[in-house]
Structure formats: C-alpha cells, structure tokens
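The lines below spell out each chain.
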Amino acid sequence: MTQHVSPPRDGTGKTAPAGELPAWRGLMGRTDVRTLSLLGVLAALVVIGGVTKPDEFLDTRNLQLVLTQASVIGVVTVGMTFVITSGGIDLSVGAIVALASVWATTVATQEYGFAGILFTAVIVGVGCGLVNGLLIAYGGMVPFIATLAMLASARGLALQITDGRTQIVTVDGILDLGERDSYVLGVPPLVLVFAAVTIAGWLVLNRTTFGRRTVAVGGNAEAARLAGIDVRRQRLYLYLLSGLCCGIAAFLLIVLSGSGQNTNGNLYELDAIAAAIIGGTLLSGGRGTITGSVLGVLIFTTITNIFALNNLQSDVQQIAKGAIIVAAVLVQRRTASTT
Amino acid sequence: MSHPVSRVTSRRGLLFGTAAVSAGAFLAGCTSNESKDETPAANGQSAADDKPGKHVTIGFAGPQADHGWLNAINDNAKKRAEKYSDVTLEITEGSNDTAQQIGQIETLINKKVDVLVVLPADGKALTQVGLKAMRAGIPVVNLDRIFNTPQAYRCWIGGDNYGMGLNAGHYIGEKLKDKPDARVIELAGLDNLELTKQRTQGFDDALKNYPNIKKVARQAAEFTVESGQAKMAQLLQAQPKFDALWNHDDDQGVGALRAIEQAGRDDFLMVGGAGALSAFQAIKQDNGVLKATVLYPPTMAASAIDLARALGQGKGVGGLAEYEIPASLTLYSAVVDKTNVDQYMSTGFR
Amino acid sequence: MASPPSLLSMSGITKSFPGVRALDGVDLDVQAGEVHCLLGQNGAGKSTLIKVLAGAHQPDTGTIRWRGEEVVLRSPIAAMRLGIATIYQELDLVEHLSVAENVHLGHEPTAAGFVVRRRTAKASTAALLKRLGHPEIDPGRLVGDLSAAQQQIVSMARALSHDVRLIVMDEPSAALDPDEVDNLFRIVGDLTADGVAVVYISHRLEEIRRIGDRVTVLKDGRAVAGGLPAKTTPTREVVSLMTGRTMEYVFPERPAAPPTGTPVLQVRGLARDGEFAPLDLEVHAGEIVGLAGLVGSGRSEILETVYGARKPTAGQVLVEGRPLRPGSVRAAVRAGVGLAPEERKAQALLMLESVTRNVSVSSLSRFSRAGWIDRGAERAAARAATRELSLRPDNPSVPVRTLSGGNQQKAVLARWLLRGCRVLLLDEPTRGVDVGARAELYAVVRRLADEGLAVLLVSSEVPEVLGLADRVLVLREGSVVHTAPAGELDEHRVLDLVMEGSPAS
Chain S
1 MTQHVSPPRD
11 GTGKTAPAGE
21 LPAWRGLMGR
31 TDVRTLSLLG
41 VLAALVVIGG
51 VTKPDEFLDT
61 RNLQLVLTQA
71 SVIGVVTVGM
81 TFVITSGGID
91 LSVGAIVALA
101 SVWATTVATQ
111 EYGFAGILFT
121 AVIVGVGCGL
131 VNGLLIAYGG
141 MVPFIATLAM
151 LASARGLALQ
161 ITDGRTQIVT
171 VDGILDLGER
181 DSYVLGVPPL
191 VLVFAAVTIA
201 GWLVLNRTTF
211 GRRTVAVGGN
221 AEAARLAGID
231 VRRQRLYLYL
241 LSGLCCGIAA
251 FLLIVLSGSG
261 QNTNGNLYEL
271 DAIAAAIIGG
281 TLLSGGRGTI
291 TGSVLGVLIF
301 TTITNIFALN
311 NLQSDVQQIA
321 KGAIIVAAVL
331 VQRRTASTT
Chain V
1 MSHPVSRVTS
11 RRGLLFGTAA
21 VSAGAFLAGC
31 TSNESKDETP
41 AANGQSAADD
51 KPGKHVTIGF
61 AGPQADHGWL
71 NAINDNAKKR
81 AEKYSDVTLE
91 ITEGSNDTAQ
101 QIGQIETLIN
111 KKVDVLVVLP
121 ADGKALTQVG
131 LKAMRAGIPV
141 VNLDRIFNTP
151 QAYRCWIGGD
161 NYGMGLNAGH
171 YIGEKLKDKP
181 DARVIELAGL
191 DNLELTKQRT
201 QGFDDALKNY
211 PNIKKVARQA
221 AEFTVESGQA
231 KMAQLLQAQP
241 KFDALWNHDD
251 DQGVGALRAI
261 EQAGRDDFLM
271 VGGAGALSAF
281 QAIKQDNGVL
291 KATVLYPPTM
301 AASAIDLARA
311 LGQGKGVGGL
321 AEYEIPASLT
331 LYSAVVDKTN
341 VDQYMSTGFR
Chain B
1 MASPPSLLSM
11 SGITKSFPGV
21 RALDGVDLDV
31 QAGEVHCLLG
41 QNGAGKSTLI
51 KVLAGAHQPD
61 TGTIRWRGEE
71 VVLRSPIAAM
81 RLGIATIYQE
91 LDLVEHLSVA
101 ENVHLGHEPT
111 AAGFVVRRRT
121 AKASTAALLK
131 RLGHPEIDPG
141 RLVGDLSAAQ
151 QQIVSMARAL
161 SHDVRLIVMD
171 EPSAALDPDE
181 VDNLFRIVGD
191 LTADGVAVVY
201 ISHRLEEIRR
211 IGDRVTVLKD
221 GRAVAGGLPA
231 KTTPTREVVS
241 LMTGRTMEYV
251 FPERPAAPPT
261 GTPVLQVRGL
271 ARDGEFAPLD
281 LEVHAGEIVG
291 LAGLVGSGRS
301 EILETVYGAR
311 KPTAGQVLVE
321 GRPLRPGSVR
331 AAVRAGVGLA
341 PEERKAQALL
351 MLESVTRNVS
361 VSSLSRFSRA
371 GWIDRGAERA
381 AARAATRELS
391 LRPDNPSVPV
401 RTLSGGNQQK
411 AVLARWLLRG
421 CRVLLLDEPT
431 RGVDVGARAE
441 LYAVVRRLAD
451 EGLAVLLVSS
461 EVPEVLGLAD
471 RVLVLREGSV
481 VHTAPAGELD
491 EHRVLDLVME
501 GSPAS
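The listed protein sequences derive, respectively, from chains S, V and B.
Position 156 (the first sequence) corresponds to 156 in this note's numbering; numbering is contiguous.
Position 142 (the second sequence) corresponds to 142 in this note's numbering; numbering is contiguous.
Position 76 (the third sequence) corresponds to 76 in this note's numbering; numbering is contiguous.
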C-alpha cells in the first residue's frame, strides 16, 4: 500500500507541543471530576459508617466483608459496562448467573471436582452470552427483547435442573476458597478475582482496539460501520464477554454460598445497570467507565453494609438505595455541566 | 492479501467448533441430579384407617415448585396417594400465575373429581374458584395458604407461622434463661410477606417471658442461599458477640451457615426453621452452631390427601370421637433437636 | 418620522456561553411583509440569534421590541403567542405521528377541552397543505414516511397553523431540489404579500438575490452590516463582510494532462433496483470524477453502493483490478476505499470522541499489536494527518464536536488519509461548510488527487462539481445521461441535462 501521509511512527508528533496541554488536561479534568464526585460519595459513606459504628465499620474484617460482597455483582457489572457502552443492554445477567451456578453444582458436575465446576460455570455463561450475541448481532433482535427472552429461559432451565432444590457443594477445594485460611496477605481470593477482572476490563476498554470499537459502536453504530468496523461481530463479542463475566460471577457465588440455587442472581440486572449508570456510563452508549462502575458497586455495597451494621430494616434500605441513585446522578450532572 | 487472514480464521473456527462440541457433550452430562439415596417423604402413619374403601378421585393443584419446601409438598401428596389403592390423584402442573391456577382448578371441577386439594399461589385471589367448587358439591381441602372465607373450603390444614416464632423463642429462652444479659439476633425471611411478620411476632412474644434476653439485631434475607449468606455476613460483623440466632428458613440457612463458617464463629447457638434435610443432618452431627430447627412440616400435604380421602369416603379422623372431619387443622410447629431428630429425618426435604 | 414602528426590533443583544461570547451587541430590524436575510459564516452567531428570537435562549443584555413594545421572550411558547414561528434546519417533527397530529401538536382542536377533534384537525391541515402548494400530502400519513422536502412543508404548515406574523427559516433550501426551491419561494412570496415577515437564513447568495429584500450580515457575534439592499449589494462586498477578506469560490487548477493508465476504481454494470440503472465508470489515480444530479437522482445511493454500504442487485466494483465482495464495507475499506458521507454527524463522526480517535478509528490495527493500542503512535499519526490537511485547531485531542463543519470534514478526510486509501468517495463534501472554508477544502481534495488518489465526487451544487472535477457524469433519475470533461460543460448545460435528460451532443 502506498502512503499519503507520513508514517505513524515519525518523530514529529512524539513530544506533545505545549499547545496541546490545556485541552488535554480539560478532558482529563472532566473524567476526574466525575470520578471524584463518586469518590466523594464513597468518602461520605465511610464517614457515616465510621461515626455510627466506629468499631464494627472501621475494621479490616469489615473491609474484607464489603469487598467480598461486592465481588460477585462487581464482576457482572464490568461485563454490563461493556454492553451498555456499546449502546446495548443485557437483562439476562442474573438469570445466567443462576443457570451457571446451578449447572455447575449438580451431582454429576461435582463428580468432576473443582475444575469441573469452574469449567462448567464459565462455559455455561459464555454459551448463554453466545446465544444472546447471535440473536442480537445476526438475528437482528433488539437487545432488550433478546436478553429478556434469555432471562426467562435461563431461569426456567435453572429451575428445571434443580427442581427448586438447593444444591449443596461438597467439593472441599471450592469450599476452602471461601475460608479465611486461603486469604492472600489478608485479601480474600474472591476479591483478587474481582480486582483482576476490573483491571483487565479497564485495560481492554481503554487500551485496546476492542475497547475502542466498543465505544465507537455505542457512540454511532452507523459511523462505525462506515468506518469499516465489523459492528455485528463486535456486538457478538460484547454479549459473549458479558456471559463470560456472568460465568465467573457464578463461580464466585458458588464459592461464597457453598451452593447453587435457581434463585441466585436475583435482580442482578438492575443492580448492575444502576451501578454502571451512577458510575457515569451513558445508557445511550458511547461512553463507559470501568472505574465508575466499580465505584458504583462499592457505593451500593457500602450502603448495604452500613445499614446492616446499624440494624436498619429492608424497607428503609430500599428507600435509601433509590434516593442515592437519584442523588448520585444529579451530583454528576451538576459537576459535568459546570466543567 | 486477505487470504492468509481468512485461512487462519477458519482454522481457528474449526478448533473452536471442536472445543464447543466437546464442551457441549460434557455439559449435557452435567445436568443430572440423580443421587443414590432418595428419601421417602411422609411417615408411615395415617390419619384415616387404611382399609380400602370407596374409590376416590382427588384433584390436586399447587404452585410451581421453585423452592425446596414446595417441592416436598408435591412429593408428599404424590407418595401418599400412591399408598392407597382406592385413590386416584389428578395433579396439575404447578403454577405461580393466579389466572392459570384458576383455569387448572376449573378444569378439575369440570372433570368432576370427588375432592379437591388446593394450595393456592395466592389465597385471597383463589377464593372465588374455591367457592365455585364447593357450590358444585366438591369438598375442598385448603392447604396452608388460606382462602378469604370459610365458605370456600370444607377443611383447612396448614402450618403455624406465629407458632414457629413462638417455639423458636421458647427453645432459645430455655437454653439461655440462666445467662445474664443474653443477646439474640434474628435472620428473618422476605420482609414483604405476612408470614415473616408473624414469625417475628411469635419470636418477640416468646422472648418477653425471659427478661434477661434482649434481641439486639434483625435483618431480613429473601429465603435464598445467596441472600442468607450476604445478610448473615453483615450481621456477624455488626454483632461481635451474641448468644443465639433464630433463622426463619433452612434454605437461606445454608447461606447463613456458610457465612458463619467463613467468619470462623462458633460462640452461639442457632435455631432454624422449616425442616430441611441438610438442617436435620447438621443437627444430628452436632458439630456446628445449628442445634435445632422449628418445623413447618411439608407432611401437611400427605395429611391433606388423608383428609380428602376420608371426606370422599365419608369417614371421620381416626383417634378422634368426631363423626366429621374438623373444619380447620393447625399443625404444631415442633422443635427438632438432637434428641428427636431421628424421628423426623425421613420428612426432611432437599 | 411618522413611519409605523418596525414589526421586530432587537437591539444590543448579547449572549455568552461558558468560554464563548456568541452574540456581542447585535441589532436586527425586521419590517412587516419583508424578507430579511441573515448571512454569516458558521459560528457567526446566526443560530444563537434565532434561538433568542424563538424564546429558546434568554439574552444576557439587550432589548426586544415587538410592534414598538418591549417584550421578554421567556419561552418558545411566549414567542409563539406573539406570532413568531421558527422552522429549524433539523426538523423537529415526531416521526411516528401523522401529518395532522404534527401540525396541531400542542394546540390540538378539542371538544370539551380534551377530546381531539381529529376530523377538524385533518381538514385544517389539508387546507394549510393546499395553501403551501402540496395538496398531495395526506394529513393522515405518518411523517416518518414522507420525503425530507415534504417534511419541511409539514414543518411550515405547523408554523402557519398558528396566527403567525414572523417566520424564521433556517437554511430551508438545503435539502430541496430546484423545483421545490421554486415552490418555497412562491410560498415566501404569498406570506409576505399577506404582511408576514420572513427572516431567511441561507448560504446561497443567489437565493438571497432572488427573494431577499434586506440583508443583515453577522460576523463573530456582531452585526457587521444591517439592512443592506439584497438585490443590489455586490457579491464581493457581501463575501468580504462575511469573511473579513475579499474572496470568491476559488477552485484549484487542474493538472495539464488527463491521467491515463489502468483505472484505480472501476464500476461495471453496478445497479440497484428502484434506485439507479446499470452504471459504468472509471476513475484513474490523480483524477476527480464528479456526479451531478438532483436530489433523488441516485447520487448518494451510487456512492454508498460502490462503498458496499448497500448491496447491489447487479454489477461489480473493482479496485486496482480486483473485484470487491459486494455489499461489504469492510471489503471496500480493506481494498483502500474511503467514504466521506453526506450526513457527517450521523454517518461519519463519533461526536463524543476526540479528533484523534475519529481519525484513527479505521486504522486501529496499524497502532496495535495483539489488540493493544500504542497511543503515542496513534496520537502522532493523527496529528500528522490532521496537520497535512491544516485542520484547525491544531490540537487533535479536542472533542470533534467543537470543530466547525469544514474542520469536521477534514477530520473525516484525515481518517482515510491515515488509512492510506486509494479511492476517496465524497458525498456533498461542503454541506454545512461555510464559504470561507470551502476553497480550502477544494484545495485539499485536489492535492490528495495530485498525490495519486482517485476521487469520486457527488454534489448538489453544480458549480462545485464543475469547478472541482476533471470529468463529470450527469445523472437523471438513476441513469447517466451525459459524460464530458468538466471544462466542456457549464452550469446551464448541466441543469438542462439534469432537467430534460436529452443527451443532445
């Protein structure tokens, strides 16, 4: 191919001239303000927790607890963030977590031990994501409908497998992973997985062609198509990715609860969407932030924690959760419009 | 220039395809839940006498068995009916949809079954169809979730949620009555159900008899393992020291026990609810915090079949002086602990 | 001075947005029954001014007098109540409602206060459409099913459904064919004869000459001239007022010898049923071929089919002798074809993203290893490409939405420049680009051709095709009716061919 432009690696652009800095900083600044406002909310919660329950809240074990409880929904939210960034939605995440956790804990699967459970959970998640992706990308179905159908079928299949029974895990390797003895330098293995998924998600969204294409498809699918991006394949991969995250989350849930149940993952779809949105990911697509989503998850988990420590009941918890979603989004709008 | 690329893709595709097929085969084999020790459901005793009598067709309509306890209800009804040579059981596909359940019951009425046993998805919403059956001359045995009016059933048989709380409270009270400033906590079930409120009320009323005991915390889970684990983990962090725990439901108790184990706590006693097999086994082994569970017995479905058969054959209840079947039977929420667990083991549900 | 007060008199209007002073003491005086033209480059403040007039923006300072009385236009409803209606360039119709429902949206004729009298609404809509010269539009049809020109008529009917004294039209002719433009002008004539005032915004000077009475020129948020006579003020003077310098459309020189050799782009018998007839054309390296034709003559469809965005029903496209997989954008892009589409914002740009990311989006694999993007290399390449096209501001990290129309178009061209494409398809390259920036864009296109690109150009502005292209294909209703070197054609000849289709040569 002949070139009409100086090759990309020529020296002229390597060092950014001074003129570029202010605008660049402006862009950075906007992201920072958004993240800072979330950190502010989280800090406020920490203060509230620390004042109301100083001994129980400001405690290593409580930190471990909050992070552990955030792990399962956190991993799901990372996948959801990609899907929403691309302008889609995945309503089936909770049902996929349920199906994967149930399938991976049947008597037959448990005979294959640790590896069998892990493998089954991940493959079932990916398989459901594949079906979602094919229906949406190549079947031309609206994501809302396709994943709603998956929600219904996966929950139904999970019920069929369990007959409504709780499947208790007897594989020691799985159970041990949730015990204090297997903490690595004080960090629970579940939290390590959550951290790894978060970092991987951040890198993929911000540093790879895959992430760039995701943002492009979400920002303007027609422009992305005319720019030569294979929009349909990208969509397929995105739902696959969400399914993969659900599979990993299902495995974490099996470790955490020592069982598989068809009621698992109840309303995860709403929690994950809410966390992503208050994190700053645009529901209409084109902008997504893994940092924001994870902060969103941590905010929700911390609220639940503070409420439980203060022995407030579920009615109050639900009201406060709604209020905090509204408040967080309003604060963001305010800060975003003043910069 | 696109040729090498596409060849790579297709080879990758082939590999992926092979992997997918073998994974699929593996997964298909992994849906099985067959295990060797299938438990017999109801106990052998019967309420009516066992001599075969007039043939009775019983229609049975229940909700979708999406929970271990409801599953046990269906099992108990089926197994009980099989025991009688003079009973035919017409059982419907379980449904949580009120409209669908009404349709199913109307079908049973049209089939002219002799007696109906109905566990409604929603007692209030199904009252009308109960009335319809009664007017058609089909006696209705209302199982557990009660209709709005006694006119809609001939006999109601069900559990006692208030009694569960009461008995759990008394059991804990007796264990802790000599301990000054004892602290107990409660892991409740789904808070928007009335039965949860009743269980909590019974528990609180029982504790009033023990002035040395104080309930220091209560959190509501959702009858699921996942929520049981999450809420219990929080409770354990909130209460570094307490003496007893009352958990409304053995299913969520699986998660609660998991959280207790993960937190490495064993400094209190725990009482469960409902009567799951896993709870019975833990009580029998007696190596953890779970010391007892309060029954909400699924055997009530077997008893309902007995009552229906007796109604169909015009008999009374054996052991009572009455000529007629009682209009209402509230079951006792027995406390199962190490001393009597063997007796109940066979009724435990999974 | 006994003359009656002006219908509208705005004076000393200022309006600032964070970081920008959009209006800086603008005066505007409009008489009843006149066509008052508003001219200015993009960013001169026209849109802000008409939004103030429509009640959508509140001015920071300044007064608005309506028939001599000072008024405050607190909201669009307040403006509407006075009789000010605005027809925006981006039509604000609800696609899923019918024509009649759109026309009466917000002021439906009702019985008992809430029951919509549909028959009355339909009848009055039909009357309005008849008055606008389009009795063929059925008031019951869904607006989404209408053509762009018909939607504009509906928008106008909506304005007239109020008791309107002043209509603001923002580039109403942009999406219209010549005969539709004629109809538009007839309507404007009728309105002014009734004493309605029209504030008319357009880039096309010849339109302003035809229907305008007076002209106000905006530049950098100030009115640099107010109330000039529209018919007699020399073009040179208007352009110099708008741009601050004297210039006309300047087209770059063509190369002396026509290019020869194997064509880079060959189109053989390409057709789409119902859109355009089998088409053959060739474009050589270094050559610019223009397609001239009316809206609806199949121009854009041809470009999109060549690009693979539409699947042809017959024929094939070859790039450097190799056939492309039909209906595959990716195949075209891989073979070195790039498209600058007609609707830049909807079809080309990622509006939330920086210039860099808009430029690099088609070449990501060049800056990545195993999917990992080398952002330093990406930035450097985007900078090099945008510098080569003198994109302003010279800072590719600014969001693309902050650029002017011309610079946004350069960002799209930079994308294909970076991709190293061999064939460039340009669809209405100067739409929404102001006069001053056009000449620069023409020079860029010619320079790209000189460097060896094959360029296929589509434009509804005949002078643009004639001035920029080497060879011109004239289209009429989906068929090529004439082909000739651009130098052998003039505007009249092309318009004749376009209208009549007689290949009489």
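Among these hints, one or two may not hold up.
Within a straight-line C-alpha distance of at most 20 Å, the following computed PhoX-like cross-link-like pairs (lysine-lysine) qualify [what the hints assert, rightly or not]:
1. Lys197(V) with Lys241(V)
2. Lys177(V) with Lys215(V)
3. Lys111(V) with Lys215(V)
4. Lys315(V) with Lys291(V)
5. Lys241(V) with Lys53(S)
6. Lys215(V) with Lys53(S)
Derived from the structure by calculation, the hints contain no laboratory data.
Verification of the supplied hints:
1. Lys197(V) with Lys241(V): violated, 25 Å
2. Lys177(V) with Lys215(V): This hinted pair holds, its Cα atoms lying about 14 Å apart.
3. Lys111(V) with Lys215(V): Not satisfied, since the Cα-Cα distance of roughly 53 Å exceeds 20 Å.
4. Lys315(V) with Lys291(V): violated, 40 Å
5. Lys241(V) with Lys53(S): The given pair, whose Cα atoms are some 15 Å apart, holds under the 20 Å limit.
6. Lys215(V) with Lys53(S): Roughly 18 Å between the alpha carbons, so the hint for Lys215(V) and Lys53(S) holds.
Hints 1, 3, 4 from the list above are not met by this structure, while the remaining hints are.
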